[in-house]
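Student: Now for the letters of each chain:
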Amino acid sequence: MLRSSFVRPLHRFASLNKGYSFTAGQKLSYSVLANVQSAEASKTNVASKWASEDKFTSDMTFVQNIEPLKAYRVMDHTGTVLDKSHEPNITEDFAVNLYKKMSQLHTMDGILYEAQRQGRISFYMTHYGEEATMGTAAALNAEDMIFGQYRESFMLVYRGFTIDEFVNQCFSNELDYGRGRQMPIHYGTKKLAFQTISSPLGTQIPQAAGAAYAFKLAGKDACSICFFGEGAASEGDFHAGLNMAATLNSPTIFFCRNNGFAISTPSSEQYRGDGIASRGVGYGIDTIRVDGNDVWAVYNATKAAREIAVKEKRPILIESMTYRIGHHSTSDDSTKYRDRKEVEERAQFDNPITRFRRYLEQKQWWDQEQDDAWRKHIKKAVLQSFADAEKKKKPSLDYLFTDVYDEMTPNLIRQKQELDRLIKEYPEYYPTDDHAPSSSSS
Amino acid sequence: MLRTSSRRFTSLLQQHRFYAASTQPNDGIQQGVAHSKLLKRAPEEAFRTPELTRMSAINSETKKMNLFQAVNDAMSIAMTTDDTAVVFGEDVSFGGVFRATSGLVEKFGRDRVFNTPLTEQGIAGFAVGMASVGHTAIAEIQFADYIFPAFDQIVNEAAKFRYRSGNQFNVGGLTIRSPCSAVGHGGHYHSQSPEAFFAHCPGLKIVTPRSPIQAKGLLLASIRDRNPVIFFEPKCLYRAAVEEVPVEDYELPIGKAEVLKKGTDVTVVGYGSQIYALENAIQLAEKKMPGLSCELIDLRTILPWDVETVVESVNKTGRLVVAHEAPKTAGVGAEIASTVMENCFLRLEAPVERVCGWDTPFPLVFERFYMPSMIRCYDAIKNVVNY
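Top to bottom, those sequences are chains A and B. In terms of UniProt numbering, the first sequence is numbered consecutively and its last residue is 442. In terms of UniProt numbering, the second sequence is numbered consecutively and its last residue is 387.
I should point out that these hints are in silico values taken from the structure, not numbers from a laboratory. A portion of the hints provided could be inaccurate.
[Unchecked claim] Some chain A residues well away from chain B (every beta-carbon gap over 10 Å; in silico): (1) 87; (2) 107; (3) 372.
[Said to hold, decoys possible] The calculated lysine to aspartate or glutamate pairs, modelled on EDC-like cross-linking and capped at a C-alpha distance of 16 Å, are: (4) 379/A with 114/A; (5) 220/A with 111/B; (6) 220/A with 83/B; (7) 393/A with 164/A; (8) 313/A with 111/B.
Every residue gets a Cβ at the ideal spot worked out from N, C-alpha and C, and that includes glycine.
If we strip away everything but chain B, and leave its shape as in the complex, we get (with noise of 0.2 Å):
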């Protein structure tokens, strides 16, 4: 397998910002991560969701960090409050490909920050280990274009170990930490997003932060939770995502969306940096079709999903946009869809319109024509608006 160095991936997103607009966007809209309103970029905005506002009572330090360094810190806070925490992986002891593990030798040392012998399989099967005898195991899978050769660690084991044992050994102190997703020219295998594979597995948790913010919590969430946990990182927003995390260690629900827009007309549901594609389609169709409220839900959660907050939402829209980068056929998407239907069918007003990559191998030189872009996601706000 070619593992291209990370260098070449993040100083290339630094000249380019995978996301950002051309010069003079045709439509005035500025897209992207560096333009987006969801990221906190006020010490005093890091608080201002319920899940965050009363911490700010005790402590609220923030400090300005992007993605991964927000995934760092959450590690760091992990291992310094849990004595049997270790991470490990392919390449994690200098720091890892993506920067995400820097300094955690220096701070915990090489018995509990290690490189692994280059397999996937057994990375997983190693943790699971760890994690049946009661140790927090957090595993790094370098792309989650990867995960596959450990897919039978943890379809078959990790996710059956506390229901085939009649709960007597577990794998609660499981996390395995992935980046995933788009980064502009990572190909066939820098490119994927596999949640969909896991989203039809019980026993697993899948996760997957939007912003430095949420990556520290639901990381920290995830690593603690008694279950094993896949937290798939987009690695587009390792350092284009940047806002102001609290110091302090918190953790986010898993299991639970989270609101980030109100609307009335049309629910849009995304996760991780499909978001941002998601919060300027809506910008831009909220601007082309005057006085149309569209409400925008981040999953977080992939499995267990929030029915609840989505059916809400679509109860009192009547409308569902879905977006994600993974091929459409099978995707989340379609459990999405069919979830609604099931519960919303006399509330719906339009069919449910599923925005997601082609059901082709992630392509090369195709990228812009293959991902489910801004126009993309404009375009199907506009369909359910006017069936």
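If we strip away everything but chain A, and leave its shape as in the complex, we get (with noise of 0.2 Å):
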């Protein structure tokens, strides 16, 4: 009973991959009617489970482990593909930019991770280890809402946020699409499908799911994707948000980057269980466990959930396994709680770009020559990004009132005059110089 009832969603995952262009050597065999049909009918076994006799034991046993789900790998740590069936039907061009992306990524992270700690901008949170999550945008359509955690920036990367956006946003200049409200890193973007990201962990989660169950409604051909982390998973949130989902029928992709620390607290202080990926079963969810740090894998498992979501309404949870090698944020040593040398093992034999890099170079489409001189046209950007973002003002003071509602209350147009009454009487002790001007300048 137990081993039935952990195996028939793999299964179901089994007879869906023969359908995919990426299961090379099969034919197209995956037909989503057949589908709704078995979904119809496990629905109704479980509908009438405790009505037939077949479904008692005289057994007593406790169920107290399953067998962990191993996680989908399409290449090896060398780059090298271990099933050439598996290999993503893609052109150079692709696989050039995804990995260009990355590296971008990458780059980017280095400098603002300095900017930082030269006190230029308040706060930031790198990537270093998950860049091959960006796996998930390639796989994914423009309209496709995100719902993210606050380590997605390959996300916005992928779409073409600019680096002067990314950077205006951390430097709160009047550039900032935000307004200079939130903190650093807490990007967001309506152009690009991209859900402002706000810094309570897992409530982006039953919100995808009824962000999804919208597009349903409106008959759009369009899911929503949830990224969070393994520590978030942790909240009601994930509970509430997963259940709804699969209760509701949401095309939400739930995307787990599981990194193996939630700040200082290890995984295995957060859960006891198979990791996030056994919890997606006992809601009915169809899961998959990948390989995090293996760009391939990422993208043909977010491909073949996005068909799943869009196609057959229902939601898919995704666990990434991979590795946090950076600290937390920049408020955080990560040395104080994790071994050093650990660290630098994973950063040195188990890194995504690393790996991708390998398989480009084993296929010969991109060289040490080709990649320095992409890092160094990207560090140039950032830089001259950095030197326009600090010259602009930050945003006019009418923007601490406005957008509270859709329009200002009495309540804050006295306090809006409040202040601009206390700047006018005490301006050394407000300084508005840095401030583009107001528009109801006073």
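Combine the two chains into a complex, taking the hints into account.
Tutor: What follows is the structure in structure tokens.
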């Protein structure tokens, strides 16, 4: 009984795999109808479960554990594809673009991290070790709505958020779309369908389920994708979001970045079960665990997940196993709670960018010279953005009071007038020169 | 969490009428919703406020409705006029434990009117998500007492959504409806009035109706307002408050108080079901103190509240009594009292009186002694007048 309930979703996935182009040598046998029927059949089974005699046993067995799920992998550390039938059918341009975006993120992270150390921006979070998660971006459509946690700049990089746009947000200058209201790295952009990041963990999980439900009602061929860490998965909103998406059939891809740490808390103190993936099965959600340092594994799994979500209108859970090489944030020194050596080893021997580069080198699509030139180009662009961003004014003080509501309330108008008066009376205590002029200037 | 079926509440309500008088009121005042002069019992009365007079010229048809029927009517109109509008929550698809959603599944289908798993943070989060992509989400929290698991989604997410994104995203299409307040025997977790917790949160609007006409007009306005709104429905009025409600699609303004009775000597402010206790207290006070003239104001919107109307009234009367069921300390009354103090200092002739629930959890058998009842409100009016 235990084994069978565990195996069912895996089996479903195995049969799905056959239908996708990346599984070469197999005829396209995946059909929506067949799968819907099997999903319907399994629903009926669940409903009639306790009416049927064969669901009882005289064996008194406490279920203790199930066999750990293995992580799906396409290429090994050396960038060598393990099973050619799983190599995605992509062009050189596609692969090189993906690599360039990954190394762009890595280079940007390096400079912005240093900028924080020098006190030029107040806060930063890097993506070191998790760059391969960019494979998700390549597998989605432009209108698929992204709900992130905070370590998902790869989505923005891939969709074309410019270096200027990143830097302006981190500097909270007048060009920041968020109008200087949130901490650095809390990006958001409507034009790239990337919901603004907020600090409270896990809150985006039921939101992503709701947004996807709206897409379904509107008849859109779009899904939502929701990123969160394995720490955030301990929040109540994880439970709420997955259960709601499952029962209400929301086309949502839940993507867990399991990087081993939630700030200082190792995953051994976060959960006792088989990671996050084992929970998906409990909610009746088709689930897969992937090697999060393998960009093609991430890409293949997301592509298949998207197709199921959008065509069959139901959620999918992907758990991506990776390692947080960087500190949690610029406010954290991770050597206080983990061995520096372990981090160095992971960075050296299981690095997602290195692995992908080896793949490209084997194909002769990329070499050291190109790599140096590209990184130099990015570095120059980031530094140029820096120089520009630092010269910009902070947002106008009007933006302190607007957007609380669609229109300013009488109360807020009075409070703004009060601040205007204070600024006039105590100009030496309220430096306004750094800010763009107010439209209603007093 | 215990969810007591409403059948018990509502049937008891009908038998007892919580505010209804005992057989022989010793002061001659017929207390309660059943005897309220504020409810519009004749069709032509329904339009007798400046906000609705213009409407009667177009269509003056009315229908007798209680409060849950008026709420139901509002949602039905909202869903008819907006294809993206959905209604969901715990047990809403069979009609809701208070019958507020009855018939909606039949009209609009199971995709637009649906049950959710039993998770308040999930309901609120799901609603935020739908609204964030431009849809209209009308979510129900079964009792206001159970809104607290959703506090994070409401306060940290919904309320800040527009501000934090620089107005790129908003959840203006979000409305959370929830039955609130005392019901005679609701104990700790079927009686609470949590409005003050939310009144401290910029970005939200909080609305509460006192009657069916208001429930329909304010709920339609809340659903269509481009900000997240929490709509608290006093559950003791669901069946007890009955009036002639315009059948047309209409809205009542959010952020505007309503002066229910003009007066010159003391301003009396409340909202929701408390209005009926205040109505009776004023009757008693004006009877016992001949010549006394009280002004009664229904706040209707708790956030952002109508400072102007209240301040104008107190500047005229020089005295203020505020009443609500929720506990006194840091309640909505405190906000009103201090704002009036700031704006009417030279006009005040007596300290502002707050008549509220005591600073205890809402008790079961002591409800009669806990409530800011007619007699406590009367006592406060007497105090400010005699100061």
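Student: Does each hint fit the structure? Answer for all of them.
Tutor: Status of each hint after checking the structure:
{"no.": "1", "hint": "87", "verdict": "35 Å, holds"}
{"no.": "2", "hint": "107", "verdict": "27 Å, holds"}
{"no.": "3", "hint": "372", "verdict": "37 Å, holds"}
{"no.": "4", "hint": "379/A with 114/A", "verdict": "12 Å, holds"}
{"no.": "5", "hint": "220/A with 111/B", "verdict": "15 Å, holds"}
{"no.": "6", "hint": "220/A with 83/B", "verdict": "14 Å, holds"}
{"no.": "7", "hint": "393/A with 164/A", "verdict": "15 Å, holds"}
{"no.": "8", "hint": "313/A with 111/B", "verdict": "13 Å, holds"}
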